[in-house]
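Using the sequences and the hints, build the whole thing.
Protein sequence lines correspond, in order, to chains A and B.
Note that the numbering used here gives residue 122 to position 118 of the first sequence, counting from 1, and the numbers run on in steps of one.
Note that the numbering used here gives residue 288 to position 268 of the second sequence, counting from 1, and the numbers run on in steps of one.
Hints may be right or wrong, so weigh each one.
Claimed, not checked - Incomplete in silico selection of chain B near chain A, CB under 7 Å: (1) Phe60; (2) Leu64; (3) Asp104; (4) Leu308; (5) Gln312; (6) Val368; (7) Ala372; (8) Leu374; (9) Met378.
Since the hints were derived computationally from the structure, they do not count as laboratory data.
Being a predicted model, the structure only gives us computed values, none of them experimental.
Where is the CB? At the ideal position from N, CA and C, for every residue including glycine.
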Amino acid sequence: VRLALAWRILTHDKGRTALAVAGVFLAILLVFVQLGFFIAVPRGGMLLYDRTRFDLLVASTGYEYQVQPGEFSLSLLDKARTVPDVVLAAPLYFGSAKWRSGEDGKAPDVFVIGLDPQARVFTADELNSQLAVLDRTDTALVDSTTRPMFGPLTTGRVVDIDGEKVTIGGDYVLGTGFMGLGVILVSADNFARLFPYRQLGQVNLGLIRLKPGVAPDPAAAALRKLLGNSVRIFTRPELEAHETAYWTTRTSVGLLFGSGLIVSFVVGVMVVYQILATQVSRQLPQFATLKAVGYADRFLGGTVTTMALMIVLAGFFPALVAALAIYAVIRDKTLLPVEMSGTRIAAVFAASLAMAAASALLSMNTLRRADPADLFG
Amino acid sequence: MTATSNPAHGWRSVGFVPLAWRNLLANKPRLLRSSGGIGFAVLLMLMQLGFERAFFNASLEVIRLLDGEIFLQRASKYRFATKDPFPARDLATARAIAGVATAWPLYADWHHLFWRSPSDGKDFLVRVFAFDPDQPVLSLPELDGGPKGVSDLDTAIVDRRARRFLGMDPPPRAAELNGTKINIVGSFALGPDFENDGTVVVADRTFAKLLPGRGGGPPDVELGVIKLTPGRDPTAVQQAITAAVPTDIAVLTKPQLLELERKFQADVSSAGPIFAMGTLVGFIVGMLISYQIIYTDLAEQQPQYATMKAMGYRIGYLVRVVLEQAALSALTGWVPAVLLAVLLFRIVGEIALLPLHMTLELALVSLLLTLTMCLISAVLAVRRVVTADPAEVF
Numbered sequence: 005v006r007l008a009l010a011w012r013i014l015t016h017d018k019g020r021t022a023l024a025v026a027g028v029f030l031a032i033l034l035v036f037v038q039l040g041f042f043i044a045v046p047r048g049g050m051l052l053y054d055r056t057r058f059d060l061l062v063a064s065t066g067y068e069y070q071v072q073p074g075e076f077s078l079s080l081l082d083k084a085r086t087v088p089d090v091v092l093a094a095p096l097y098f099g100s101a102k103w104r105s106g107e108d109g110k111a112p113d114v115f116v117i118g119l120d121p122q123a124r125v126f127t128a129d130e131l132n133s134q135l136a137v138l139d140r141t142d143t144a145l146v147d148s149t150t151r152p153m154f155g156p157l158t159t160g161r162v163v164d165i166d167g168e169k170v171t172i173g174g175d176y177v178l179g180t181g182f183m184g185l186g187v188i189l190v191s192a193d194n195f196a197r198l199f200p201y202r203q204l205g206q207v208n209l210g211l212i213r214l215k216p217g218v219a220p221d222p223a224a225a226a227l228r229k230l231l232g233n234s235v236r237i238f239t240r241p242e243l244e245a246h247e248t249a250y251w252t253t254r255t256s257v258g259l260l261f262g263s264g265l266i267v268s269f270v271v272g273v274m275v276v277y278q279i280l281a282t283q284v285s286r287q288l289p290q291f292a293t294l295k296a297v298g299y300a301d302r303f304l305g306g307t308v309t310t311m312a313l314m315i316v317l318a319g320f321f322p323a324l325v326a327a328l329a330i331y332a333v334i335r336d337k338t339l340l341p342v343e344m345s346g347t348r349i350a351a352v353f354a355a356s357l358a359m360a361a362a363s364a365l366l367s368m369n370t371l372r373r374a375d376p377a378d379l380f381g
Numbered sequence: 021m022t023a024t025s026n027p028a029h030g031w032r033s034v035g036f037v038p039l040a041w042r043n044l045l046a047n048k049p050r051l052l053r054s055s056g057g058i059g060f061a062v063l064l065m066l067m068q069l070g071f072e073r074a075f076f077n078a079s080l081e082v083i084r085l086l087d088g089e090i091f092l093q094r095a096s097k098y099r100f101a102t103k104d105p106f107p108a109r110d111l112a113t114a115r116a117i118a119g120v121a122t123a124w125p126l127y128a129d130w131h132h133l134f135w136r137s138p139s140d141g142k143d144f145l146v147r148v149f150a151f152d153p154d155q156p157v158l159s160l161p162e163l164d165g166g167p168k169g170v171s172d173l174d175t176a177i178v179d180r181r182a183r184r185f186l187g188m189d190p191p192p193r194a195a196e197l198n199g200t201k202i203n204i205v206g207s208f209a210l211g212p213d214f215e216n217d218g219t220v221v222v223a224d225r226t227f228a229k230l231l232p233g234r235g236g237g238p239p240d241v242e243l244g245v246i247k248l249t250p251g252r253d254p255t256a257v258q259q260a261i262t263a264a265v266p267t268d269i270a271v272l273t274k275p276q277l278l279e280l281e282r283k284f285q286a287d288v289s290s291a292g293p294i295f296a297m298g299t300l301v302g303f304i305v306g307m308l309i310s311y312q313i314i315y316t317d318l319a320e321q322q323p324q325y326a327t328m329k330a331m332g333y334r335i336g337y338l339v340r341v342v343l344e345q346a347a348l349s350a351l352t353g354w355v356p357a358v359l360l361a362v363l364l365f366r367i368v369g370e371i372a373l374l375p376l377h378m379t380l381e382l383a384l385v386s387l388l389l390t391l392t393m394c395l396i397s398a399v400l401a402v403r404r405v406v407t408a409d410p411a412e413v414f
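As structure tokens, this is what we get:
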């Protein structure tokens with residue numbers, strides 16, 4: 005009966021209900037969008053790790069975050085390779101250089117990743133097989149999301165990187181994240197040519213791959229013991245926690261989108277409450293009549309809560325669809341990996357239910373004013 | 021017909037705001053609800069607009085502080101915070117041009133100098149500016165210690181508003197830059213931006229020691245800061261300098277330098293669209309809420325409006341009452357929202373160390389947006405009054 009009554013009230017005035025649903029739709033959409041950004045930022049920082057195959061990461065004790073990792077000695081990776089459980093210990097070199105072949109004579113900074121092409125470090129096999137081209141002298145692969153200001157990224161184009169002529173050997177799709185405006189991959193040898201003052205004996209990161217089935221935590225403990233205090237060793241979950249903490253607490257990004265998230269939730273509560281309270285006060289005589297014929301306050305309260313839930317549910321699903329579309333646009337425009345996940349949908353759904361509950365609770369006051377005696381006032 | 025025989029005239033002489041005002045006050049819980057609803061929508065817009073301004077101001081702030089009228093930089097330099105220096109001789113060429121009073125170098129680095137705070141011994145990347153202490157080309161805000169203090173080799177002044185983990189507030193007595201011990205002789209209050217956590221200012225010779233130029237010589241100039249002889253036409257001098265220096269040197273006025281940075285930030289940072297979207301959502305939600313309020317109010321008061329119509333009030337007058345009421349409810353939402361935003365900006369600005377400020381411009385823009393959103397919804401809702409039929413009252 006409750007459901008039917010709530011349904012009747014909502015369908016009685018379709019225009020008004022449509023308006024209510026539109027308001028809730030926007031509020032929930034806003035929560036989705038803010039949450040999207042809030043999570044996209046650390047994910048953007050994790051981009052390279054997310055698309056690289058490793059079980060443990062070796063980094064300097066001065067490791068800040070992926071782009072500022074510090075340096076440690078390559079010999080430690082050689083040492084790590086002696087552990088029977090370790091299948092691979094591959095170094096990564098990072099550097100920043102001037103791409104002197106940009107549009108309008110500008111020289112944007114390019115983030116250079118030096119690696120061993122044979123190590124096949126990426127999750128995408130397609131990219132791993134492309135790496136063979138890096139064995140050629142002064143050849144680089146360019147991330148296809150590199151900004152237009154770098155000029156055309158056509159294969160075969162020769163560009164000037166810090167005075168060195170480098171041939172573009174192809175492009176790949178990984179995403180630049182927060183590494184910079186443009187990213188290229190080169191072999192360690194070519195890296196040494198681009199950065200003559202750098203020694204290949206000092207590496208920025210080490211990717212460790214374990215034998216299948218080996219548990220990462222004990223392996224990490226064993227490596228820590230072996231390599232000593234001069235480096236840090238992260239398991240995947242530890243690394244994710246470290247990067248997320250960096251982006252949400254060290255930068256202002258977390259605070260910015262975090263506060264946006266809270267305000268959009270409050271705005272959502274306000275919208276639903278506004279709509280419910282209006283509906284209730286409009287139907288006040290009817291509610292009073294129901295009271296007069298013997299329905300308890302609890303029944304009426306239940307009806308209002310059902311109405312709140314119906315409005316929120318009707319707003320939630322279109323908002324989800326719209327959010328998917330907006331995420332796609334943001335992915336396209338900002339190149340941040342804003343993706344919808346099951347947990348995110350569940351979290352926003354829970355927030356929406358909380359919105360409905362909070363606003364229903366707030367409108368109970370209005371409902372209490374329903375006095376059968378007023379009917380004849 | 022005399023003025024008193026027409027009730028409408030009698031009301032008019034009292035003024036029309038009281039009716040709108042009374043309508044608004046008639047239902048206190050509803051007023052609270054509406055000002056809460058509109059207020060939060062306005063707060064949402066204010067926060068998004070404030071964040072957007074903070075984002076751009078944070079990166080433009082240091083350019084505004086440059087003490088000069090014309091600037092020389094390498095033409096390939098696509099933004100301020102990137103190292104792309106040019107030879108000092110090009111600045112000397114500019115110095116010889118008629119109309120140039122002074123031409124001094126600014127040295128800078130964003131990616132190669134690490135600050136080791138004595139408190140935790142960890143290394144953090146910092147932004148470093150350097151100049152001749154007798155020719156401070158950067159007007160550092162709230163300077164305590166003076167740029168002349170850094171004349172000695174291996175001394176520096178640091179940013180009190182740098183991110184806390186750098187340990188610059190209060191300034192330590194000494195710290196390390198890339199392993200070199202540096203005595204801290206003063207501080208200023210600049211604040212970080214989205215990429216730089218903190219700033220250190222040293223004398224040109226300390227900078228040259230930390231980051232020597234090619235072959236160990238003096239470092240190249242990041243930015244040439246030029247002051248003009250009073251009364252000189254800046255455009256003419258700018259053209260003369262442009263003609264004299266090599267083509268790979270850009271000669272820019274301060275507005276051009278600021279515009280280059282603003283354009284870069286707008287093009288690549290995606291902050292603009294992100295915050296614009298938030299503002300738009302706030303606007304639409306606010307419009308829905310105020311429409312809802314005005315519509316309900318009109319629906320409830322329809323008999324009253326119909327009665328007034330029957331008494332001879334013109335529709336124009338009734339519509340005006342509705343619009344005034346909408347404007348008033350806009351204000352009841354806007355005022356608390358602005359006050360709350362001032363508080364939030366304070367808190368978030370202090371925690372995030374961002375230049376989040378309630379400016380007159382921001383207040384006016386948000387007021388305009390709030391009024392627009394409420395008036396649009398009033399216009400949409402007012403059809404109710406127009407169609408109010410006196411006969412229906414009975």
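Structure-based check of each hint:
1. Phe60: holds, 5 Å
2. Leu64: Since the shortest Cβ distance to chain A is 5 Å, the answer is holds.
3. Asp104: Asp104 (chain B) check passes; min Cβ-Cβ to chain A is 6 Å, inside 7 Å.
4. Leu308: holds, 4 Å
5. Gln312: holds, 6 Å
6. Val368: At 6 Å from the nearest chain A Cβ, Val368 (chain B) passes the 7 Å test, so the hint holds.
7. Ala372: Interface hint status for Ala372 (chain B): holds (4 Å vs cutoff 7 Å).
8. Leu374: holds, 6 Å
9. Met378: violated, 15 Å
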